[in-house]
Amino acid sequence: MRALISSFTQFWRQISKDSMLLVVCVSPILAGLAFRFGIPEAEKLLTSYFGKSAVLAPYYLLFDIFLGILTPYMFCFASAMVILEDIDSSLTNYLSVTPIGKSGYLLSRLVFPGAISALLSFVILTIFTLTNISVLQNILLSFFTACIGVLISLLIVALSGNKVEGMAIAKLGGLFLLGVPIPFFITGAERYYAAVLPSFWVSSFMLAPSIWNAIGIVVTIICWSGILYRWFKKKIA
Amino acid sequence: MIRVKDLSFSYTGKPFLENISFEVGRGEIFGFLGPSGAGKSTLQKILTGLLSDYRGSAVVNGIEVKRHTNSFYENIGVDFEFPSLYEKLTAKQNLEFFGLLYQRKLITIPDLLRMVHLENDADKKVSDFSKGMKSRLNFIKALLHNPDILFLDEPTSGLDPSNSYDMKKIIKAERDRGKTIILTTHNMLDATELCDRVAFIVDGKIKALDTPHNLIMSKGAAKLCYAYFEGREKSGECLLSHTGSDELLKKLISDNKLLSIHSSEPTLNDIFMEITGRALQ
Numbered sequence: 001m002r003a004l005i006s007s008f009t010q011f012w013r014q015i016s017k018d019s020m021l022l023v024v025c026v027s028p029i030l031a032g033l034a035f036r037f038g039i040p041e042a043e044k045l046l047t048s049y050f051g052k053s054a055v056l057a058p059y060y061l062l063f064d065i066f067l068g069i070l071t072p073y074m075f076c077f078a079s080a081m082v083i084l085e086d087i088d089s090s091l092t093n094y095l096s097v098t099p100i101g102k103s104g105y106l107l108s109r110l111v112f113p114g115a116i117s118a119l120l121s122f123v124i125l126t127i128f129t130l131t132n133i134s135v136l137q138n139i140l141l142s143f144f145t146a147c148i149g150v151l152i153s154l155l156i157v158a159l160s161g162n163k164v165e166g167m168a169i170a171k172l173g174g175l176f177l178l179g180v181p182i183p184f185f186i187t188g189a190e191r192y193y194a195a196v197l198p199s200f201w202v203s204s205f206m207l208a209p210s211i212w213n214a215i216g217i218v219v220t221i222i223c224w225s226g227i228l229y230r231w232f233k234k235k236i237a
Numbered sequence: 001m002i003r004v005k006d007l008s009f010s011y012t013g014k015p016f017l018e019n020i021s022f023e024v025g026r027g028e029i030f031g032f033l034g035p036s037g038a039g040k041s042t043l044q045k046i047l048t049g050l051l052s053d054y055r056g057s058a059v060v061n062g063i064e065v066k067r068h069t070n071s072f073y074e075n076i077g078v079d080f081e082f083p084s085l086y087e088k089l090t091a092k093q094n095l096e097f098f099g100l101l102y103q104r105k106l107i108t109i110p111d112l113l114r115m116v117h118l119e120n121d122a123d124k125k126v127s128d129f130s131k132g133m134k135s136r137l138n139f140i141k142a143l144l145h146n147p148d149i150l151f152l153d154e155p156t157s158g159l160d161p162s163n164s165y166d167m168k169k170i171i172k173a174e175r176d177r178g179k180t181i182i183l184t185t186h187n188m189l190d191a192t193e194l195c196d197r198v199a200f201i202v203d204g205k206i207k208a209l210d211t212p213h214n215l216i217m218s219k220g221a222a223k224l225c226y227a228y229f230e231g232r233e234k235s236g237e238c239l240l241s242h243t244g245s246d247e248l249l250k251k252l253i254s255d256n257k258l259l260s261i262h263s264s265e266p267t268l269n270d271i272f273m274e275i276t277g278r279a280l281q
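Residue numbers (our numbering), protein chains in the order written: chain A, 1 to 237; chain B, 1 to 281.
Do not take every clue at face value.
Said to hold, decoys possible - Here chain B is said to cover these stretches of chain A; the calculated rule only asks that three of the stretch's residues, wherever they fall, bring their Cβ under 8 Å from a Cβ of chain B:
(1) 4-13
(2) 90-99
Stated by the list, open to error - Listed next, the in silico DSS-like pairs over lysine-lysine satisfying Cα-Cα at most 30 Å (straight line):
(3) Lys205/B to Lys66/B
(4) Lys66/B to Lys92/B
(5) Lys125/B to Lys102/A
(6) Lys233/A to Lys14/B
(7) Lys102/A to Lys134/B
(8) Lys233/A to Lys257/B
(9) Lys234/A to Lys5/B
(10) Lys234/A to Lys250/B
(11) Lys105/B to Lys234/A
(12) Lys5/B to Lys207/B
(13) Lys205/B to Lys17/A
(14) Lys233/A to Lys134/B
(15) Lys102/A to Lys207/B
As the list claims (entries may be wrong) - Partner residues are not named here, just some residues of chain B that face chain A (Cβ under 10 Å, in silico):
(16) Thr48
(17) Phe80
(18) Gln103
(19) Thr108
(20) Asn256
(21) Ser260
Think of the hints as simulated: they come from the structure by calculation, not from any bench.
Just so we're clear, the structure is a prediction, and the values are computed from it rather than from any experiment.
Glycine included, C-beta positions come from ideal geometry on N, C-alpha and C.
All chains should be built: construct the whole structure from the sequences, respecting the hints.
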């Protein structure tokens, strides 16, 4: 356990010594402030300009889901950058031959950051929500978005050769979030084109909590983690 | 300490290591010698548990490697060829971090740094270190938890002659303390100087395994070369085993006419080339 904690502490140390990653980790709070205070103000301006009773308000839940997914996305991006730096310095190989082992390394670099991002996502949503979502919804949203965050970490590491490539692949990872707005804007069967994306099911679940949408989340997350973890493992072997 | 029997491994279905068998005892330096791509590093990866889908048996410190748990590494120190260090941390911070991963009693950091003459660079960031300094720091990182088994991959690579000499002295001292050391190298001089036994690995197979001395002497090719003056400087040679029957040499000795005389043994590299048909360097 001491080895795991040390490795995780080292992870934070690496982030604290990199100003870009520090900003990345703080950005969800800034986004939360912008969402919580900026969007209602924008709504006031838009409703008075267009003379309508609501312009953005019907999509407040969409903003909440984006905010919920942003924290894990940013944290897991930082985590992927740290892993890529470790790979560059041959540290992943070295740590694999210490008592922390490969499994401990993955716990400290993927699972712990994922768990913390879930917790932070819950806190940020509680403070900055626009819709007053229930505690249970918040817990589920934070948990599922943290899983998506870990998938994005796996994707970035699996497809990148270094940190620069990692930043480019992170943009590709943003495609994982494309599923979020689809259930809000497409109601026909065409929306299921996005069914391969876990974010589509998370969004669908938040709009209409049902067992089928929950199964959709679980199945897509399991499938993607199976594929991405296989690629990821080759990278850190 | 290490027992390998009928070990085979493949990355792609095509055999990469085939029927490797050897044993290494306590207090022994055992060298893997071979050209790049021969399978030395793969063998080291198997012995350190990084590759587990091998066939045959590889027992390290009484544990079949493919069934190891993380505590297996409490007793193993690995020095990879390329330094694996946190560049943004100082030498001391690096060693402190890696030390926290072990439960064993650690060698103190000042002692370790002193061992490789880095005591004045303890608080310097690793990114400001030269290649040789990084190699030395990387090496002591493997000694930090005082393991019984050391895996060293090209430990003198990138070192100047003086530091290389000191490093070899430390390796021999660790051996004398009873540590088992596996040395992977393609530097035959290091191997001759350090190893108690060496294995020549080519194309994933062990082609020869013995002490460097035995390997050299088994070829029986040691010669005696001498120079003398007879109108002009001339030279002669004979096999060391036939010195007594070289009449010219006997006469030159009795007439005190030798200008120089020396024996000339084949090097480990000569033996390697003879056995495998390939050069090491």
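| said: Check the structure against each numbered hint from earlier and tell me which ones fail, lowest number first. | reply: Numbers 4, 8, 10, 11, 13, 15, 19, 20, 21 - these are the hints that the structure violates, sorted from lowest upward.
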